[in-house]
Amino acid sequence: MLQFLARRLLVAVLVCLTVLTFAFALTRLAGDLAISIAGPNSTAEDIEVVRKAYGLDRPLVTQFFDWVSRAVVGDFGRSYFFREKVSTLIFDRLPITLTLGLVGLGIALSVALPLGVISALREGRPVDRIISLVALLGQAMPSFWLGLVLMITFGLHLGWLPISGTGTWQHFVMPGTVLAFSAIPALMRLTRAGMIDAMSADYIRTARAKGLSRTSIVLKHAARNAAMPVVSIAAVQLGFMLGGSIVIETVFALHGVGFLAWESISKNDFPTVQAVVLLLAIIYTLLTLGADLLNAVLDPRLRAA
Amino acid sequence: MSALLEVEDLEISFGALDAVRGASLEVRRGETHCLVGESGCGKSVTALAVMGLLPSNGARRAKRLAFDGKDILGLDEKGMSRLRGDRMAMIFQEPMTSLNPAYTVGSQMAEVLIRHRGASKRAALDRAAELLARVRITSPGMRLGQYPHQLSGGLRQRVMIAMALMCDPELLIADEPTTALDVTVQAQILRLLADLQKDLGLAILLITHDLGVVARTAHRVSVMYAGEVVESSPVDRLFHRPMHPYTRGLLSCVPVPGKIRRDQPLGSIPGMVPHVTRGFEGCAFRQRCPLTRPDCAGPIERRHPDPDRDYLCQIAPNEMAAP
Amino acid sequence: MSRWRSWGRNWGLWLGAFIVGFTLFVAIFAPMVATQDPFAQDLSRRLVPPSWMEGGRPQHFLGTDGLGRDYFARLVYGARISMLIGIATVVTSGIIGIALGVVGGFFGGRIDDVILFTITARLSIPLILVALAVVSLVGSSLTVVVATLGLLLWDRFAVVARVATMQVRTLDYVAAAWSAGCSQPYIVMREILPNILSPLAVVATLEMALAILLEAALSFLGLGVPPPLPSWGLMIAEAKDYMFFNPWVIMVPGMSLFVLVFGINLLGDGLRDLLRTGRVA
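Residue numbers (my numbering), protein chains in the order written: chain U, 1 to 305; chain V, 1001 to 1323; chain Z, 2001 to 2281.
Hints may be right or wrong, so weigh each one.
[Stated by the list, open to error] Below, simulated PhoX-like cross-link-like pairs (lysine-lysine); rule was C-alpha separation at most 20 Å, straight line:
no.	chain 1	residue 1	chain 2	residue 2
1	U	K220	U	K85
2	U	K220	V	K1078
3	V	K1121	U	K220
[Unchecked claim] Here are a few chain U residues that sit away from chain Z, every Cβ distance over 12 Å (derived from the structure):
no.	residue
4	F4
5	A23
6	R28
7	S42
8	L109
9	V111
10	R214
11	K220
12	V231
No wet-lab data here; the hints were simulated from the structure.
In this text the structure is predicted, and so the values were computed from the model without any measurement.
Think of the CB as a built atom: it goes at the ideal place given N, C-alpha and C, for glycine as much as any other residue.
Pulled out of the complex, with its shape left as it was, chain U reads as follows (with noise of 0.2 Å):
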């Protein structure tokens, strides 16, 4: 258990490293940074004074040890379009990108359980292939498209809920369901399959033999060994979510990091889109680190080994 959790770790550790240097490389891609930091209507000279106020005149590896050792400490230097600290920038704005993810993972969760322990238990009937049916629908709803339509419907037409912003907790279940309907289909396949392998186990026919009913055989029995795969692609969901609430944030104007994020990127402001990339990779290593360390804990055979 020592061995793995030590081999996790290390891992964790290089793909931040790696990620470190591919969002040092990815702002280089343009070539002449100081060019696209001017702006398109700038001088020579005005182009001279940004690579020297940037530090962009030093040679490359030099730019890329300093960034380095600063990021390691959180320090990702000044925003070029916000005049501001790029983490005070992003801390600021971190609370409401992570709300929408978390409202987005329980949306996705309290949806995509149930259907996917109802599908298993009806395997190849027909509420499971309609669910399957409804779960691919899912799958091949443009999220952006599906923000506009359900803010027509409920926003404008229903008026049940406000269209933008982030005042209370009801500007975040639109976003919040749209964000959970990416990552429903895959959960859902899971738990279904999960479950289904659970139920043909010879333990549940001895949970039956002990006549136990049917909510303890179905929750407490196969669920939780069904949870294991589950849990793991929560956490990759969860990750994935934050990335893609760029969009979700752009369509309904939440002001969290992907906003920034979307801003930043057309404003050429670099060093916040370095970091958000970075935090955001971050983001989702420690979260799956985390559900490896949870099947740990669920499952008595991996804590033993």
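Fit chains V and Z to the known structure of chain U by using the hints.
For chains V and Z alone, coordinates are given in the frame of chain U:
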């Protein structure tokens, strides 16, 4: 006194396949009844059908299926689940996978008593510890907190047995409980079952393909072939004078000390158990039977050589030569 | 009941194949399907509703957009972009992913560790964000979108190819090829690749659907296919300003996108079932 378990004309089918075709048997209180036969002859599904645990694609019909004189054929899932684990319990062939890997031995045992008797967790765990000791597991208190993967196969089967005994059942159905275990462990488990039966007055329906197990444990034997009970007899008379050609074949495959001669090779039954589909007529063993006759393809008569014996064959007892 | 099920399964496969085939047909023969110019603006005929709605005109079957361009023509030419993006991305990412996966699965050991790490690192990178950043930095064009998505969407190909290769390489006929002294490239190309193609076909449909959705999202955010190209995502972005009063302007491209992606997913699902049952038989 009527038998504890009465099965009359049980039929089980999976789609077009008839797994069991009119099997009848009785298990009396305090008696070990062995159900013997090759794999695929319908022993296990018979047991599952009695427990109401057939897979959803299996259909069960019977003239009578009664437990303690009461019909259980008409019971729904809820009614059956009240009997299962309480008055009738079952253990399985696969000790490695029959316990839930996610829960401790103690919690899996305790839930039986909690479910059927409304016992407190504390009391249920005490009872579990007591039964673990009873099935001769050392330091039961520690075992309660362990997970199945920490136990050997033999220990797991003991746990399964102890778990089956939680509510003092009257009937224990054991489906090949020792097949997956080492020979030494097999002997221990069988002795344990025999002792428990003596002490608790359990009725045991023991399913096995091993005639050695039968000889050691059974009071009564039913031999199944292709979904039918072809012979049913008290154990001593079955071994002394098997009637059905299939029983004879089975016995000739087993070396019995003092009964075999050096120059005589062990027997074997050529061929395989046929899969019987709907509309099958006559004796299912006739293709493999050394004594087959033309009328074996017609309806077969059940014969009663003694009051408590019967077998299913065209050949009358007096025509049947001694083996 | 099994008959009903097999019919139901094939029904999905056929419907999916029909949707994809139909879209492909429309995309290829766009100039013949749509008689009007998708780029021609007519500011005097802006936001004409579809012909069956009140105020619709027969010459604009699906109406016009905010610049008076024929919506049907834009939709038809938009199919070209979606199909092009979908297919080109799958080819690019397929080559990368399959190469990585097969190498990892075939050689195992340290090489496989490196490949596995690459996949893990790739998965941790936020997809849309990086795609947006790249397109913004390099400049938006169809080629850039395809290249970016192709370079990002290879992970599932690699995962599936890796596992499938591991399974295949232990099989008897591969061992036979080894012992017959066949070279490694020969074994990979002739013995392994043909035998892992079927699961990869399913992945290809999934990735194609994802690529089409991502292109639409990028274009919607203004960093995908540049205007005035009629990408469905871009059409939705351009229609956003009018959607509260003319909801059909986002329904037309949105439904098209939805139906196409649904069709591709149905096809993939059908293929998966077909392969699964095919393997059992």
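Against the structure, the hints come out as follows:
1. U/K220 to U/K85: It is violated: about 50 Å lies between the C-alpha atoms, which goes past 20 Å.
2. U/K220 to V/K1078: 18 Å, holds
3. V/K1121 to U/K220: 16 Å, holds
4. F4: At roughly 15 Å from the nearest Cβ of chain Z, U/F4 sits farther out than 12 Å, so the non-interface label holds.
5. A23: 9 Å, violated
6. R28: 9 Å, violated
7. S42: 17 Å, holds
8. L109: With a cut-off of 12 Å, U/L109 remains clear of chain Z, as the shortest Cβ separation is near 21 Å.
9. V111: Label holds. Min Cβ-Cβ 18 Å, cutoff 12 Å.
10. R214: Per Cβ check, U/R214 is outside 12 Å of chain Z; nearest 23 Å; holds.
11. K220: 30 Å, holds
12. V231: 17 Å, holds
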